[in-house]
Every structure is written in structure tokens, then in C-alpha cells.
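Number of protein chains: 2
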Amino acid sequence: MLDCIVIGSGVAGISAALTLRANGKSFRLFGSPNLSEKIARAERIENYPGLSSVSGAEFVVALKKQLAGAEITVENERINGVFAMGDTVNVALQNGEILTAKTVILACGVESVKQIEGEEKFLGRGVSYCATCDGFLYKDKTIMVVSTSKTFEHEVAYLAGIAKKVWFIPLYKNAEIEAENVEKTVRMPKEIYGEKRVLGVAFEKKGEREEIAVDGVFILKESLPPSALVGGLETAEGHVVVDRQMRTNLKGIFAAGDCTGRPYQYAKATGEGNVAAHYVSAYCAKK
Amino acid sequence: MLDCIVIGSGVAGISAALTLRANGKSFRLFGSPNLSEKIARAERIENYPGLSSVSGAEFVVALKKQLAGAEITVENERINGVFAMGDTVNVALQNGEILTAKTVILACGVESVKQIEGEEKFLGRGVSYCATCDGFLYKDKTIMVVSTSKTFEHEVAYLAGIAKKVWFIPLYKNAEIEAENVEKTVRMPKEIYGEKRVLGVAFEKKGEREEIAVDGVFILKESLPPSALVGGLETAEGHVVVDRQMRTNLKGIFAAGDCTGRPYQYAKATGEGNVAAHYVSAYCAKK
Chain B
0 MLDCIVIGSG VAGISAALTL RANGKSFRLF GSPNLSEKIA RAERIENYPG LSSVSGAEFV
60 VALKKQLAGA EITVENERIN GVFAMGDTVN VALQNGEILT AKTVILACGV ESVKQIEGEE
120 KFLGRGVSYC ATCDGFLYKD KTIMVVSTSK TFEHEVAYLA GIAKKVWFIP LYKNAEIEAE
180 NVEKTVRMPK EIYGEKRVLG VAFEKKGERE EIAVDGVFIL KESLPPSALV GGLETAEGHV
240 VVDRQMRTNL KGIFAAGDCT GRPYQYAKAT GEGNVAAHYV SAYCAKK
Chain A
0 MLDCIVIGSG VAGISAALTL RANGKSFRLF GSPNLSEKIA RAERIENYPG LSSVSGAEFV
60 VALKKQLAGA EITVENERIN GVFAMGDTVN VALQNGEILT AKTVILACGV ESVKQIEGEE
120 KFLGRGVSYC ATCDGFLYKD KTIMVVSTSK TFEHEVAYLA GIAKKVWFIP LYKNAEIEAE
180 NVEKTVRMPK EIYGEKRVLG VAFEKKGERE EIAVDGVFIL KESLPPSALV GGLETAEGHV
240 VVDRQMRTNL KGIFAAGDCT GRPYQYAKAT GEGNVAAHYV SAYCAKK
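Those sequence lines, one after another, are chains B and A.
All residue numbers for the first sequence refer to numbering that gives the first Met the number 0, where the first residue is 0 and numbers rise by one.
All residue numbers for the second sequence refer to numbering that gives the first Met the number 0, where the first residue is 0 and numbers rise by one.
So that you can see chain B by itself, here it is in the shape it has in the complex (with noise of 0.2 Å):
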């Protein structure tokens, strides 16, 4: 069995990643082939030990370089669920595959994108994150989706192949969809509104609330908020709450980086990965 499946190719990923290795473990890493966008876009970086003055990029290059030196590979496969199962934890891929393992590192960052009103009120009645996982619930419905990334272009396409109609809400440029039942709009949604189940969007137009009618909503971003990932995890103001060796509330899953909290910087992000592959080594030593 695996020893950990770490979640997330930020730092805090990575300085797990390099720290399992280092330990000898067994473990999978899920994450971006671009690692992180987060990094990729920082302009500069002034405070972390041991790099002066680097951007993004250059950072990205130098941790892709590591992780090739440590023949670690990143694996670009989306993760829908991690389930704390006692002593070991199940994560389902996108792929519908289920690993097990005796860890897991949750290292998935914070999400860039603020939650939409109403979207945690209405997750699993109505809200999902995961078009090939709750699309066959809406043939012939009305959908809308919003998306953060160009990457998701074919889950949106899959949506429109199942459903009536497909409201496309793109969050970035060039957004490409081309089928006749796809109607796309560039205004954020301000609510998710419903009774029991979401019964539309609205939408604020200089002052004026309008609303579209719909039978779902699908949001599809980088990274799932953490208690939408794991059920059951304690979380407080939206961070994973984590202890000083990175354990969760669950047993076996560990957290680090932005996802724990402020301050959203990679010096603690590195620190956090290091400390939790540590008490990760030692918790599977003990089994």
C-alpha cells in the first residue's frame, strides 16, 4: 500500500514530495504539469530563503529541475474525493479509479476565485464541482457552468452534449465553446439561489437583479475548496485547522500550505510540506 498520496504540486506539494523521497517512502503526487499557477504568475519573489530575488517562472523552472533530479512525477489527474476510512484513507480520481493509502497530504492551495453566494448552501442539491461525475443528472436540463480555466473547455463540452441548454459563464479570455445548445455571458453571478435545490442564478445589472432559471450549476475551478474535497474535515474560516505536525482532524490526512491559512506565502508553504511528510514518515513507521 502507499504510503501517501500527496494532493497539490504548489511548494507545499512539492516540499513534501522531496521530503517522502527523502524518507524513502512510497507516494503519488497529483497536481498541474505547470505546477502551480499561483506561482507561475508572481511577478517577483523577495523573501524566500535562498533565492534571491527569482520570479514565478524562474521558480517554476528551478522546482520542475528538483523534481526531475528526484524522479518525481506530477500527475495531472483531477481528484474528487478523499475519504478517511480509519486506518487507511480512499482518494477517487477523476478517472474513477480509487487509490488507498496509508496518508494523504492535502496541499491544494486556497481558491483564487471567491465563492459565489448560495454555492456551499446548494453543494450535492443542485451545485457541483465535477461535470463527469454529476452530469448524467441533468440530461435534457438546464445547466449553468462557470469556469475559471481554459483547461475545462471539454468538461463543458460534455456538459452540452448532455444537457438542453448549457449557460457558459467563462472567468478568463478566449473562451472557446462552439454547440448550438451553449449560450455564453460574461457577467459574474452575485447568487445561487432555490428552495430546496437551486432553482437559478441571479445576476446584478445596474442595480437591477436579474435571475435565470436553472436546474444546476457547475463550477468548475483548480482547486476544490478542502471541505468540499473531504468530508468531514474541520475547517474554520474556510482553512483546513490543522495541529504543529500538519494533522487534520481525520486520521491519516495531513495539511499544509495556503490551504491551512495565512500567511499565503511559499516560505511557509515549504515549511508546512517539510513538516508533514516528517509526521507522515513517522505515523507510517508506527504502523
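Please keep in mind that the hints were generated in silico from the structure rather than gathered at the bench.
Hints should not be assumed to be uniformly reliable.
The list makes no distinction among identical chains, and a pair is therefore deemed to hold if it is satisfied within one copy or across any two copies.
Lysine-lysine pairs mimicking BS3-like chemistry, simulated, CA-CA at most 30 Å apart [claimed, not checked]:
| hint | residue 1 | residue 2 |
| --- | --- | --- |
| 1 | K163 | K138 |
| 2 | K163 | K189 |
| 3 | K37 | K63 |
| 4 | K113 | K285 |
| 5 | K120 | K183 |
| 6 | K172 | K138 |
| 7 | K64 | K37 |
| 8 | K164 | K149 |
| 9 | K37 | K24 |
| 10 | K250 | K120 |
| 11 | K172 | K205 |
| 12 | K189 | K113 |
| 13 | K101 | K205 |
Guided by the hints, dock chain A onto chain B, whose structure is given.
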């Protein structure tokens, strides 16, 4: 008034200083010209994100360059004591000067030298860490001086000028003290014994106990145990107890790096220095 005094020029102290600089805080950084013996002696560092397989010496060069670029000076003055005064913190330097700041970040590392049995018990009752502070107490008396580094030889010479007789135990090679009343012996003390005060130092030789009667023992080492440096500081198993904001039990005193506990890793120290500086900045902003 200074916002912060950072004690220690290892990775934790440097990380704190870089972030205090980035946050526009006023501070002074105390440490050693070569930053950290521990780093300098590290053969190879494999798990510090951003630096692929560097030697400790290369890491020191990178850190020095970065400090110079940020116009941060490491002041090579020994700290004799840190005193939480309520709304401010006083720091006593070896040269007699007393500095006042809103906060202190302890980044003094862990002792590389194991404590001698009786060292803590007789601290202030015959055991001293500071030649210039306590030397005058031993005029015409017999003392033992245990020294971990050549850099303390001027302190040994100073003590030889006061005491009647000095037993000198260098824990390093090529010790050079030339004085008639100094007798060098190269063995490790087993115990500092006494009753109300120190009476002597015991050694073990082929299973036999040997004792040398002395009036006082000076132990000269790079870093003092934090509990000896800061009165009233809460520690557990020799480590400073901190919360997730790197606050100690004393108002305005924060800690970061090896002194807060394992893992003794550069990545952890980097993270903790960053977090301490972040919450120091927040603390100063509130006042």
C-alpha cells in the same frame, strides 16, 4: 522603537528578516558572520524546494548574497538575556547595551552539544554561559572552562586573567591558550556535581570516577538553551513551545526554527521564520 529583534542567523532568522524587510518593519538581526555552522557544514541538501542538491556552503553563499541584496546586516554580538517587559521586550547584549523592541523572534537553533549532567541544575549557582558577565565572581578561584569553539578563546584568556587556576576543556581541535595558570585536558565531563553550589566536575576513565574540585564551570557555546536566554519561557523537552502563529507563552516573544522542535530541517525553519515575521508584523500594526 524597533519593531523586532531577531536572534539567530540560521535559515529561520534569515527568513524572518527577509519577510520583516518585505513588510517594511524596523529590526536588527543578531547572529554570526558565517550565518550558521550547521548550514555551512551540511554536505548536501536534497529536499529544500527551489535549490536542487546544493551543498551547505553553497546555501550559505546564496543566503549571504540575498541578505546583501536586501541590505540586511548580521550583527555579531552575543545575546545574554531576553526579558519580556509587558508591552516591550528588552534584549541584553554581551557588550552591556540593552535594546528595546516591540517583539523578539528567537531563532537560536538547538544546541549541537549535549548538556552535561548538572549543567541546568547548577546554572546560576556555579555554572555560567558568559565569561564577561560572571567572570569577576571567580577572582583568585579555581574554575573549569568547557568551550565548543575557537571563537571563544579570548573569553578563556579573559577568565585566565581573573581566576587563580583554569582547567580548560576545548571540544574542538587545535586549541591555543598560552597562560601559566591554564591546564588543558581533553576529555568530556561526565557530571557537574555539588550541593548548594558547584563543588567540582567528574570524569570517567576506564570505569573509574575522577573528580576535579572547582568553584565554577563556564560553558562557552554558540547558542544558549532558550530557557537560559529567556526567563519564564515555556519549553517542553528542551524546545520552545509555540502555537501556529509562532507565539511563545511570553507577550511579544515569538520563536522559529530548530529551537521550536523537530524536524530540524531547513524547509521547516524557512517556513517558521516567515510565519513568525508575518505575525510580528500584524502584532506591531495592532499596537
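Status of the hints after comparison with the structure:
1. K163 with K138: Within one copy only: 7 Å inside, 96 Å across.
2. K163 with K189: Cα proximity of K163 and K189: one copy only (24 Å, versus 83 Å across).
3. K37 with K63: both (15 Å within a copy, 27 Å between copies)
4. K113 with K285: between (40 Å within a copy, 27 Å between copies)
5. K120 with K183: This pair counts as within: shortest intra-copy Cα distance 25 Å, inter-copy 75 Å.
6. K172 with K138: Within one copy only: 28 Å inside, 80 Å across.
7. K64 with K37: Answer is both: 18 Å inside a copy and 26 Å across each meet the 30 Å cutoff.
8. K164 with K149: Within one copy, since 20 Å is at most 30 Å while 79 Å is not.
9. K37 with K24: both (28 Å within a copy, 26 Å between copies)
10. K250 with K120: within (27 Å within a copy, 40 Å between copies)
11. K172 with K205: within (23 Å within a copy, 79 Å between copies)
12. K189 with K113: Within one copy only: 11 Å inside a chain, 62 Å across chains, cut-off 30 Å.
13. K101 with K205: neither (53 Å within a copy, 49 Å between copies)
The earlier numbered hint that this structure contradicts is number 13, and it is the only one.
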